[in-house]
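Q: Residue-level listing of the chains:
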Amino acid sequence: MSDPILSFDDVTVQFGGVRACDSISGRVDRGSLFALIGPNGAGKTTLVNAISGVYKPRPGARVDFHPSGRPAEDLLAYRPFQIARLGVARTFQNLGLFMGENVLTNLLLGRYIHEHTRLIQGGLFTQGAIKRELAARQAIERVVELLDLGEFKRDPVGDLPYGVQKRIEFGRVLAMEPELLMLDEPMAGMSVDEKQDMIRYIYAAQDELDMTVFLIEHDMGVVMSIADHVMVLDFGQKIAEGTPAEMQRDERVIAAYLGTEMSET
Amino acid sequence: MTAVESSAARPEAHTYRPSAFQRILPFAIAAVVPFILGATTSDVSFWWKALITVIVLVAVARLAWKWTPRGELTHREDMRLWRTPSDRSWAAATTFGLLVLPFILASDFTPPMDFPWATWFAVVNLVLIFAMGAAAFNLLVGYSGQISLAHVAFLALGSIVGGIVGVQWSSGNMWLALPASAVAGAVVGAISGLPALRLKHLYLLLATFGFHFVMMLVWREYLQEYFGFVGIRFKGENSPRIASWLHWLPGIDPDQNGEFVITGQFRWYWVIMPITVLSILFMVNVVRTREGRAFAAVRDRDVSASLLGINVARSKLLAFAVSSAVVAMSGTLASFYIGSRGEDSFNVQTVLNYAIIIVVGGFSSIQGAIFGSAFFWFLPEWFKWAREELWLVRDIDFLSDYPSEIDLAIKGFLVVIILMFKPDGLAGMWRDLKAWLGRKLAGSQA
Chain C
1 MSDPILSFDD VTVQFGGVRA CDSISGRVDR GSLFALIGPN GAGKTTLVNA
51 ISGVYKPRPG ARVDFHPSGR PAEDLLAYRP FQIARLGVAR TFQNLGLFMG
101 ENVLTNLLLG RYIHEHTRLI QGGLFTQGAI KRELAARQAI ERVVELLDLG
151 EFKRDPVGDL PYGVQKRIEF GRVLAMEPEL LMLDEPMAGM SVDEKQDMIR
201 YIYAAQDELD MTVFLIEHDM GVVMSIADHV MVLDFGQKIA EGTPAEMQRD
251 ERVIAAYLGT EMSET
Chain L
1 MTAVESSAAR PEAHTYRPSA FQRILPFAIA AVVPFILGAT TSDVSFWWKA
51 LITVIVLVAV ARLAWKWTPR GELTHREDMR LWRTPSDRSW AAATTFGLLV
101 LPFILASDFT PPMDFPWATW FAVVNLVLIF AMGAAAFNLL VGYSGQISLA
151 HVAFLALGSI VGGIVGVQWS SGNMWLALPA SAVAGAVVGA ISGLPALRLK
201 HLYLLLATFG FHFVMMLVWR EYLQEYFGFV GIRFKGENSP RIASWLHWLP
251 GIDPDQNGEF VITGQFRWYW VIMPITVLSI LFMVNVVRTR EGRAFAAVRD
301 RDVSASLLGI NVARSKLLAF AVSSAVVAMS GTLASFYIGS RGEDSFNVQT
351 VLNYAIIIVV GGFSSIQGAI FGSAFFWFLP EWFKWAREEL WLVRDIDFLS
401 DYPSEIDLAI KGFLVVIILM FKPDGLAGMW RDLKAWLGRK LAGSQA
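Residue numbers (this note's numbering), protein chains in the order written: chain C, 1 to 265; chain L, 1 to 446.
No lab work stands behind these hints, which were simulated from the structure alone.
Keep in mind the model is a prediction, meaning the values are calculated, not measured.
Mixed in with the good hints, there may be bad ones.
[Said to hold, decoys possible] Where chain C lies over chain L, by a calculated footprint (3+ residues, C-beta under 8 Å):
id, segment
1, 73-79
2, 281-287
3, 294-306
4, 310-320
[Unchecked claim] Here are the simulated lysine-lysine pairs, DSS-like style, with alpha carbons at most 25 Å apart:
id, chain 1, residue 1, chain 2, residue 2
5, C, Lys-153, C, Lys-195
6, L, Lys-422, L, Lys-440
7, C, Lys-153, L, Lys-434
8, C, Lys-153, C, Lys-131
9, L, Lys-434, L, Lys-422
10, C, Lys-56, L, Lys-200
Using N, Cα and C, we set each Cβ at its ideal position, and we do this for glycine too.
Based on the provided sequences and hints, a complete structural model is requested.
A: Here is the structure:
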């Protein structure tokens, strides 16, 4: 387990006077399920945004991505779309779907980085464009089957229930076939049944599709049952890191979640 | 009991059982072709007619056979532009209409009440040219979400390129001027899209409007430098013609001087219609493939799009380039069709006209651009006819005293009505109508 896919060092993101992330370091092992937890406003999403290139961390930070079979890359040198092409995909806490488009279009957008049809080829609908379009559809067909989305294929995403929308967004990042999958609260606002389904899908991504999962989650119970490694943030600081069992016993973690007299003020 | 169950369950969206009518329709259309050919074109030899008839029959029969899906749709079948039998019927009917329309308009049929039949041919040609430009405009504004007012600037660019390539370098080589203006439009369009990388919405609108005025300045300078105040003449010796080595083609019967000049509504129709249809098909294909999906993604959420691996800046410039290329082409085509372009050919009013076309037709719908331009050109003709001929209406002096003002007022009123009650415009109405018809038909069958 000493083979990291992502290692980040001294990541600091500052908004005005607020340090959303304060010098956070850590590493994610290849093939593992890494969970990032913490109370509201702890800086979890900010850290993911810094890794995926949406925010620029303060100089001095390093985010190294180690794709299998290729040399390591410093993600901070790249723009978000280039990071996505390197094999890092992420979902959004409050959905990054295109609500007016149908499910098929949303999923096909996940194949954007794989099937390279140029605009003119697409416009002329050449044989090559047709071939690649078919390949994209066959690729998302697997995702559609895995996530049970078949019946919604032609429906506009905006008309579907929230749980299904979450599933579609998960399907879209699966279609990107990333090496590192970052999920920002994929189970927020879901019923218990839907959560169990989502856990099943995450396991499938990890085991069958060989993806490393970087999971942000609120629900301690879920994290403790599925994560290999847990990092806990509070007020932009890393307060603890280790196996789920260790975290459950850690005083600082308990304090952060249940509150102490000091933090209540 | 089973009928109730099957109607209550979710309809099988991916399985079709075409009706007998849907199977027969293409054959029926194919069967009509020889009659039209025989009745209307006396200057085509018998063997050409026979050959064309056989080709059309074979092609339509093959398509009808291949395109009728049985059971579960494959990915290839699901990807089609005309997926459902109803789509295919409409497409066939539209094709048929486009092929027959010029013959009807060219016939010496006179409708009752002095309906202006003769002027309609010109209007149809203008609708086709405008539909092409408006569809390209809609691709940029509606589909890619880049609010631009530089539209007319590219029509002017098309006229400039048409003037350089088709008038100054050659006399009437429109066939070279069209691709040249597409290339020029793409390059200048990408440059004019640069503000879109930093600006959005209203600010982008202002920046592109600035580009409009820069282009108007270029247009005036170009005119005065090379053509003086009379403007560019695209007709007469500058009319496009079919080269003599192509005169063997069917339907091309050289004039007295051995040339085949594109002049008159009928000949122009057969030039404009294919160009419009092909460029609209091109844009429809762009929209349903990889880069077109990226346009919509960038419009809806650019952060989310960039995390899918879409280079947002490149995607925006690409949208500007492809839209401007088609608009510039329509500008060249319009210049040659109308025959002359002067200093006052392009103005702010034209920008507004295209906005009206898009809003009335339906935002972010290429079909809407076609409906919108038909609305825009047909409506004034109807008004004119109503003012002059329609019982009671013709007696109101007020209407005939201020014709253009009344036209504008009614157009403006209709735009407000459509915006208030049907924001997705005529294209939305058409969709609703089709859905309603579909329900009616399904209901009558059950």
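Q: Against each hint, give a clear statement of whether it holds in the structure.
A: Quick rundown of the hints versus the structure:
By the rule of at least three residues with a Cβ nearer than 8 Å to a Cβ of chain C, the coverage given for the segment 73-79 of chain L holds, with 4 such residues. With a cut-off of 8 Å between beta carbons, the segment 281-287 of chain L has 4 residues touching chain C; three or more are needed, and the interface restraint holds. Only when three residues or more bring their CB closer than 8 Å to a CB of chain C does the claim for the segment 294-306 of chain L stand; here the count is 9, and the claim holds. Check result for the segment 310-320 of chain L against chain C: holds, 4 residues qualifying (beta carbon to beta carbon below 8 Å, three or more required).
Only pairs whose Cα atoms come within 25 Å are accepted, and Lys-153 (chain C) paired with Lys-195 (chain C) is accepted, the gap being roughly 22 Å. Among the hinted pairs, Lys-422 (chain L) with Lys-440 (chain L) is consistent with the structure: their alpha-carbon atoms are about 22 Å apart, no more than 25 Å. Taken as a hint, the Lys-153 (chain C) and Lys-434 (chain L) pair is honoured in the structure, with Cα atoms around 21 Å apart against an allowance of 25 Å. Proximity of Lys-153 (chain C) to Lys-131 (chain C) is assessed by CA-CA distance (about 20 Å); at most 25 Å being required, the pair is judged to hold.
As the CA atoms of Lys-434 (chain L) and Lys-422 (chain L) are separated by approximately 16 Å, the hinted pair is consistent with the 25 Å bound. At roughly 22 Å between alpha-carbon atoms, Lys-56 (chain C) and Lys-200 (chain L) fall within 25 Å of each other, so this suggested pair holds.
Checked against the numbered hints given earlier, the structure satisfies every one of them.
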